[in-house]
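Novice: One-letter residues, chain by chain:
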Amino acid sequence: MIVAENVEKRFGDALVLKRVNLRVEPGEVVTILGASGSGKSTLIRCINGLEALTGGRITVDGHDVSTKAGLVAARRASATVFQLFNLYPHMTALGNITLAPIEVLKLPKAEAEARARALLDKVGLGAQADAYPQQLSGGQRQRVGICRALAMQPRYLLLDEVTSALDPEMTGDVLRILAELAADGTTMVFVTHEIEFARHISSRIVFLEQGELIVDLPTAAFFAEDGGLAVPRIRQFLSKMKKD
Amino acid sequence: MRFWRVIEPYIGFLLQGFALTIAACLLAIAGAVLLGALTASMRSSGNRLVRGAANAYGDVFRNVPFLVQLFFFFYGLPELGIYIGAFETGVIAMSIAGGAFVSDVILSGILTVDAGVIDAAKVSGLSRVKIFTRVVLPIALRVSVRPMGSVLINLVLTSSILSTITVNELTGAAKIVAATTFKPFEVYAVLLVLYASLTTLLSFAISAVHRRLNRFMTGG
Ligand SMILES: Nc1ncnc2c1ncn2[C@@H]1O[C@H](COP(=O)(O)OP(=O)(O)OP(=O)(O)O)[C@@H](O)[C@H]1O
Ligand SMILES: [Mg+2]
Numbered sequence: 000m001i002v003a004e005n006v007e008k009r010f011g012d013a014l015v016l017k018r019v020n021l022r023v024e025p026g027e028v029v030t031i032l033g034a035s036g037s038g039k040s041t042l043i044r045c046i047n048g049l050e051a052l053t054g055g056r057i058t059v060d061g062h063d064v065s066t067k068a069g070l071v072a073a074r075r076a077s078a079t080v081f082q083l084f085n086l087y088p089h090m091t092a093l094g095n096i097t098l099a100p101i102e103v104l105k106l107p108k109a110e111a112e113a114r115a116r117a118l119l120d121k122v123g124l125g126a127q128a129d130a131y132p133q134q135l136s137g138g139q140r141q142r143v144g145i146c147r148a149l150a151m152q153p154r155y156l157l158l159d160e161v162t163s164a165l166d167p168e169m170t171g172d173v174l175r176i177l178a179e180l181a182a183d184g185t186t187m188v189f190v191t192h193e194i195e196f197a198r199h200i201s202s203r204i205v206f207l208e209q210g211e212l213i214v215d216l217p218t219a220a221f222f223a224e225d226g227g228l229a230v231p232r233i234r235q236f237l238s239k240m241k242k243d
Numbered sequence: 000m001r002f003w004r005v006i007e008p009y010i011g012f013l014l015q016g017f018a019l020t021i022a023a024c025l026l027a028i029a030g031a032v033l034l035g036a037l038t039a040s041m042r043s044s045g046n047r048l049v050r051g052a053a054n055a056y057g058d059v060f061r062n063v064p065f066l067v068q069l070f071f072f073f074y075g076l077p078e079l080g081i082y083i084g085a086f087e088t089g090v091i092a093m094s095i096a097g098g099a100f101v102s103d104v105i106l107s108g109i110l111t112v113d114a115g116v117i118d119a120a121k122v123s124g125l126s127r128v129k130i131f132t133r134v135v136l137p138i139a140l141r142v143s144v145r146p147m148g149s150v151l152i153n154l155v156l157t158s159s160i161l162s163t164i165t166v167n168e169l170t171g172a173a174k175i176v177a178a179t180t181f182k183p184f185e186v187y188a189v190l191l192v193l194y195a196s197l198t199t200l201l202s203f204a205i206s207a208v209h210r211r212l213n214r215f216m217t218g219g
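Taken in sequence, the protein lines are chains A and B.
Numbering that gives the first Met the number 0 applies: residue 0 is where the first sequence begins, and numbers increase by one.
Numbering that gives the first Met the number 0 applies: residue 0 is where the second sequence begins, and numbers increase by one.
By construction, these hints were calculated from the structure, which means they are not laboratory data.
The C-beta atom is built at its ideal place from N, Cα and C for all residues, glycine as well.
Take these hints with a grain of salt, some might be off.
Unchecked claim - The calculated BS3-like cross-link candidates involving lysine-lysine, where the alpha carbons are at most 27 Å apart (straight line), are:
1) B:Lys129 x A:Lys67
2) A:Lys239 x A:Lys17
3) A:Lys67 x A:Lys121
4) B:Lys129 x A:Lys17
5) A:Lys108 x A:Lys121
6) A:Lys67 x B:Lys121
7) A:Lys108 x B:Lys182
8) A:Lys108 x B:Lys129
9) A:Lys105 x B:Lys129
10) A:Lys121 x A:Lys105
11) A:Lys105 x A:Lys67
12) A:Lys105 x B:Lys182
13) A:Lys121 x B:Lys121
Claimed, not checked - What the simulated footprint calls covered on chain B by chain A, stretch by stretch (three residues with Cβ under 8 Å from a Cβ of chain A suffice, anywhere in the stretch; the number is not a length):
14) 106-120
15) 129-135
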């Protein structure tokens, strides 16, 4: 379980996260919605320890990410997929996927590669195992990014706008894979602007507004007239999203 | 041909010097790259002491004439009870001087590594050392190959100064031949060709390494 309690994050004078509380149980798909600059990426980066909290506490399966040992354990439990892929440019798809399993999980190379190939097959990139990131399209790179995350066999998958850098067709490819993962019971914390997709795969939706988590509802309730839609700010946000 | 008649008796001796130059340069290039990579990694460290020590090394050896450094080691090491040959002293001095410049080049390569790529390595649970050796340094080296080329070519040119500490590398051998024959023009014409061939070869090699390492990477 991921638990964020009264999380506060400041960048200098700017208070970017204000007393955020969030729980993600195994098996859940929790989508974080919110306007640009509302703190979605920052929250994800606090969960995976890329940003240090300035207040409150985050634990992943009980491991406090602000302690050294806790962070190591928390990072073992989760994996992150990034908006701009962040693949290692000097390694092939296979190299990208097997680096951490070999170095961190201490898997034998042959086994790590066999698993990596199986993952690549699953996302339709079986033939691209030896391609370098520069030789792949954006959608292909992101699928490699997803394989790299999955290869660590994470209990939690953190995804920050993983389709925003992709054109609609590639977005479809990636979303199909995420939908399959969700159907398989993968636990996900998902930041996205794809509202319809979020509605389709999420068990819960939370809404960030200027660093405050103002709504946390099961998906159906979030989109109900007497639920999330009753919050003017959310109604406004959703109608603006539809227009774009 | 008058030119050939002057040179012919000494060509073996000059080529021996050339071989010594090549040996000194190859060893010093290896030393400078290793030391430069190590220093660059220290200069990008979070530890202020480590960073300070590496910066001090770089500052000193980039800002003192090589001839002075060379004499410092040649006359200084025996004072410290370290007795090694002039050739070895020369290679060590070249490695240390070259390493200071190479570290600059590699450090700027390190600074170009995309922060997002490092984030990905961090969240995957890799240790700091592994992130550096498996991700940051290999990317930095790919970016640095070309600028490192000019540093290494300079190092080759610098090797001629080893003649001042009794190493009869190419320049040292030439001085002897010129003094014996009283035909400095012919002798140095040969040197011109040999040094130019050596540096040209090196620059081809560097381009080849650059192309090979960056075949699937953009930029750099
Ligand atoms: N490293 C940083 N230093 C200073 N301010 C930052 C930093 N990172 C984020 N911020 C600020 O924190 C706020 C929240 O940023 P964040 O990236 O979390 O928003 P977001 O909800 O992910 O937005 P988007 O939808 O555009 O990705 C913004 O005002 C941003 O300018
Ligand atoms: Mg963001």
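Novice: Next, verify each hint and record whether it holds.
Specialist: Hint check:
Taking the CA atoms of B:Lys129 and A:Lys67, the gap is near 17 Å; set against the 27 Å cutoff, the hint holds. Under the criterion of a C-alpha separation no larger than 27 Å, the hint pairing A:Lys239 with A:Lys17 is consistent with the structure, at around 25 Å. Restraint check for A:Lys67 and A:Lys121: the C-alpha separation of about 35 Å exceeds 27 Å, so the hint is violated. With a C-alpha separation of about 35 Å, the suggested pair B:Lys129 and A:Lys17 falls outside the 27 Å cut-off, and the hint is violated.
In summary, the hint linking A:Lys108 to A:Lys121 is supported, as the alpha carbons are separated by about 20 Å, within the 27 Å threshold. This hinted pair checks out: A:Lys67 and B:Lys121 have alpha carbons roughly 13 Å apart, not beyond 27 Å. Taken as a hint, the A:Lys108 and B:Lys182 pair is broken in the structure, with Cα atoms around 64 Å apart against an allowance of 27 Å. In summary, the hint linking A:Lys108 to B:Lys129 is supported, as the alpha carbons are separated by about 16 Å, within the 27 Å threshold.
The straight-line distance between the Cα atoms of A:Lys105 and B:Lys129 is roughly 13 Å, inside the 27 Å bound, and the hint therefore holds. In summary, the hint linking A:Lys121 to A:Lys105 is supported, as the alpha carbons are separated by about 23 Å, within the 27 Å threshold. Proximity of A:Lys105 to A:Lys67 is assessed by CA-CA distance (about 20 Å); at most 27 Å being required, the pair is judged to hold. In summary, the hint linking A:Lys105 to B:Lys182 is not supported, as the alpha carbons are separated by about 67 Å, beyond the 27 Å threshold.
This hinted pair checks out: A:Lys121 and B:Lys121 have alpha carbons roughly 26 Å apart, not beyond 27 Å. Only residues whose C-beta sits within less than 8 Å of a C-beta in chain A count toward coverage, and the segment 106-120 of chain B has 6 of them, enough to reach three; the restraint holds. Remark: the segment 129-135 of chain B is confirmed as covered by chain A, as 3 of its residues place a Cβ nearer than 8 Å to a Cβ of that chain, reaching the required three.
Hint violations for this structure: numbers 3, 4, 7 and 12, all remaining hints satisfied.
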